[in-house]
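> These are the residues of each chain, in order.
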Amino acid sequence: MIPMIRLTDIRKTYRLRRGMFAPTEELVAVNDLSLEVAKGKTLGLVGESGCGKSTAVSIMLGLLKPDRGEIEIAGQKIGTMPVADRVRLIQPVFQNPNASLNPVKRIQTLVGQPLQLYGGTNVDAEVKRMLDLVGLPARLADAYPGELSGGQRQRVAIARALILGPRVLICDEPTSALDVSVQAQIINLLLSLKKELGLTMVFVSHNLAVVEHLADHVAVMYLGQKIEEAATDALFADACHPYTRVLLAATLLPDPQAGLPEQKLGAAAADPFAAHRGCLFAPRCPAMRQSCVEDPQELRTLRESLVRCERAV
Amino acid sequence: MTEMMLDIRNLKVSIPTDRGLLNAVRGVDLQIAKGETLCLVGESGCGKSLTATSIMGLLPRYAKVTSDRFEMVGQDLTTKTDAKLAKLRGRDVAMIFQDPTSALNPTLTIGRQLTEGVMRHEKLSRSEAEARAIEMLDRVGIANPAARLTQYPHGFSGGQRQRIMIASALMGRPKLLIADEPTTALDVTIQSQILTLLGELQADLGLSLLLITHDLGVVAAIANDVAVMYAGRIAERAPVAGLFAAPRHPYTKGLLAAIPVPGVTPRGSELPAIPGRVPGLIGALRGCAFRDRCAIAGAECAHDPVPRISAAQGQFIECVKAGEVTA
Ligand SMILES: Nc1ncnc2c1ncn2[C@@H]1O[C@H](COP(=O)(O)OP(=O)(O)O)[C@@H](O)[C@H]1O
Ligand SMILES: Nc1ncnc2c1ncn2[C@@H]1O[C@H](COP(=O)(O)OP(=O)(O)O)[C@@H](O)[C@H]1O
Ligand code: SF4
Ligand SMILES: [Mg+2]
Ligand SMILES: [Mg+2]
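Residue numbers (full-length UniProt numbering), protein chains in the order written: chain A, 1 to 313; chain W, 1 to 327.
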């Protein structure tokens with residue numbers, strides 16, 4: 001079966017200066033990234049800030065052109081697809097709904113806008129149906145974004161993303177700015193939408209507990225590379241990559257007995273300009289040895305994971 | 001008797017707005033013993049930051065602050081003057097913020113920023129102040145601290161900047177450290193390093209710590225005691241083990257239930273969310289502020305004031321039905 005989302009060997013670099021008078025350098029934001037998501041499944045994409053999650057998201061959405069690689073959504077190449085087709089296939093939900101919701105427009109207008117823009121009919125009826133679908137009372141159609149709570153604004157953003165009937169929803173940290181009580185409301189909504197509409201989802205988050213709850217399988221990124229991928233159960237029960245293990249250990253649970261993880265990482269933070277030979281995690285890795293930095297680390301199968309680490313056993 | 005580093009009763013903070021008086025802190029009691037870590041937790045907009053900034057005397061002039069008692073590091077500040085507070089600030093009491101970037105001046109060297117306060121307050125010479133800065137930077141895990149003094153903030157990563165902020169807060173050898181969401185902007189790996197550091201500092205220096213967070217994982221990892229804040233009041237105060245094992249206030253229960261826990265919460269199950277939102281704080285709130293969102297609310301919840309059920313060691317719950325909440 002054709003996967004609903006397929007990324008093949010994506011690479012994206014930025015050229016920038018580290019300081020005003022510094023020479024331009026190449027920053028590899030995403031490298032060698034391949035992903036597949038089957039219809040109706042949810043992929044969790046995790047990793048520290050700056051590891052390339054949002055860049056990968058923009059590329060999937062066709063909003064950013066990769067330096068190389070192929071993106072197919074429902075078997076069609078996104079690079080050559082007309083925008084009108086693309087927006088009916090794949091839609092985003094971002095962390096900060098305020099950025100995409102014009103504050104001087106009413107909710108009615110904001111939710112209906114994509115349909116207006118792409119020649120849909122019955123806009124009013126459709127907006128009504130969408131508000132109902134995302135659990136917003138119909139009376140809010142006349143409100144402005146500023147009158148809504150953070151959770152309600154995120155529901156508006158979801159309604160807007162769904163009004164064109166896409167088959168894929170890409171959520172980039174959709175609950176990261178929300179309180180846990182509201183986060184739970186949005187997670188419940190996404191779960192029920194996925195079931196009701198048969199949506200395929202990518203869920204990007206730095207919160208592993210939330211990803212564990214929503215995702216069928218999880219890809220872990222580090223400095224632009226996928227370093228591990230596995231079914232959610234396997235990843236949480238038996239992570240193979242040293243970085244995944246550190247990440248899991250650092251995820252604090254609401255359990256006073258759990259305490260803080262032992263310090264295992266070097267103090268150095270990830271350096272996005274680091275030379276791209278060998279393992280990028282090596283400078284911080286508790287299991288590192290010389291060959292890790294000297295030899296290119298390829299993805300390989302280990303137990304139920306795909307892992308990029310020669311030392312993982 | 002345990003020595004109290006902070007003892008506040010009935011703290012109120014009101015801010016005039018164009019829509020009326022915003023009663024953001026509506027009678028908060030906070031006590032922190034020497035060497036204790038108290039976590040203040042609650043949803044955003046509950047008044048946590050205003051509570052902290054009013055303790056530090058850093059509120060804008062138009063904010064109205066009152067309290068029945070305000071004692072800090074052994075001094076009675078109930079009828080405080082700004083001058084009296086300013087003297088404590090940067091010495092016995094220090095504060096660190098969520099965003100180290102905004103708290104560090106990008107145009108001054110790390111050395112300048114760390115030494116300025118103690119040179120003024122303690123009349124240390126430059127070399128004495130620099131020696132202490134080196135000691136503190138070393139303490140917070142900044143490698144090669146002497147060489148770092150001449151560098152500017154932009155040369156450091158987010159995690160390092162937060163360490164420098166902590167070093168800066170430690171310069172005056174405070175007895176009480178107030179940290180407002182100190183790890184919220186950081187990656188989890190850096191977060192656990194910073195929390196470990198705060199725990200070590202507290203043990204080594206006998207610091208008392210008031211840590212504000214909305215993250216119950218952080219609370220579980222670092223708190224001795226927890227104060228759960230809702231709509232400007234403390235809804236529940238309890239030792240950390242008891243709070244997580246048997247929360248008694250419906251709000252505390254709701255917050256804990258809403259977090260998915262890997263391996264415990266069945267994947268894809270509906271999470272018990274708290275319906276609705278934090279109420280607006282303009283004007284008076286009568287009765288329990290949580291009752292619109294509370295699963296067990298009844299008519300008696302509208303009675304004002306809400307009774308406080310107290311237990312040993314300063315524990316309390318403000319809920320008329322607290323006895324009915326099952327774990
Ligand atoms: N427009 C841009 N110009 C230059 N660098 C960028 C740009 N967008 C992102 N980056 C860099 O690319 C890397 C990946 O960023 P991003 O995809 O936003 O990561 P994440 O979403 O995982 O935090 C980071 O080092 C970031 O600084
Ligand atoms: N300087 C200010 N002027 C007006 N309103 C404020 C100010 N500071 C905070 N508030 C309001 O007071 C309430 C409590 O804020 P805050 O103490 O920052 O909450 P928390 O830290 O718990 O998120 C919020 O409704 C906030 O919008
Ligand atoms: S390749 Fe080496 S350095 Fe990289 S994660 Fe594996 S053990 Fe660590
Ligand atoms: Mg991002
Ligand atoms: Mg705050």
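Keep in mind that the hints were calculated from the coordinates and are not lab data. Careful: at least some of the hints might be erroneous.
As the list claims (entries may be wrong) - Interface residues of chain A toward chain W, partial, derived using beta-carbon atoms under 7 Å:
1) Met1
2) Pro145
3) Gly146
4) Ser149
5) Ser176
6) Ala177
7) Val180
8) Leu191
9) Glu212
10) His213
11) His217
12) Phe236
13) Asp238
14) Thr251
15) Leu252
16) Asp255
To be verified - A short, non-exhaustive set of chain W residues, derived as facing chain A with CB atoms under 8 Å:
17) Glu43
18) Leu58
19) Pro60
20) Thr184
21) Asp187
22) Thr189
23) His214
24) Thr265
25) Arg267
Computed from a predicted model, the values in this text were never measured in an experiment. The beta carbon of each residue, even a glycine, is placed where N, CA and C say it ideally should be.
> Next step is simple, just say for each hint if it's right about the structure.
Hint check:
no., hint, verdict
1, Met1, "violated, 22 Å"
2, Pro145, "violated, 15 Å"
3, Gly146, "violated, 13 Å"
4, Ser149, "holds, 5 Å"
5, Ser176, "violated, 10 Å"
6, Ala177, "violated, 9 Å"
7, Val180, "holds, 5 Å"
8, Leu191, "holds, 6 Å"
9, Glu212, "holds, 4 Å"
10, His213, "holds, 4 Å"
11, His217, "violated, 12 Å"
12, Phe236, "holds, 5 Å"
13, Asp238, "violated, 12 Å"
14, Thr251, "holds, 6 Å"
15, Leu252, "holds, 3 Å"
16, Asp255, "holds, 6 Å"
17, Glu43, "holds, 4 Å"
18, Leu58, "violated, 24 Å"
19, Pro60, "violated, 23 Å"
20, Thr184, "violated, 10 Å"
21, Asp187, "holds, 4 Å"
22, Thr189, "holds, 5 Å"
23, His214, "holds, 6 Å"
24, Thr265, "holds, 6 Å"
25, Arg267, "holds, 6 Å"
The structure is inconsistent with the numbered hints 1, 2, 3, 5, 6, 11, 13, 18, 19 and 20, although it conforms to all the rest.
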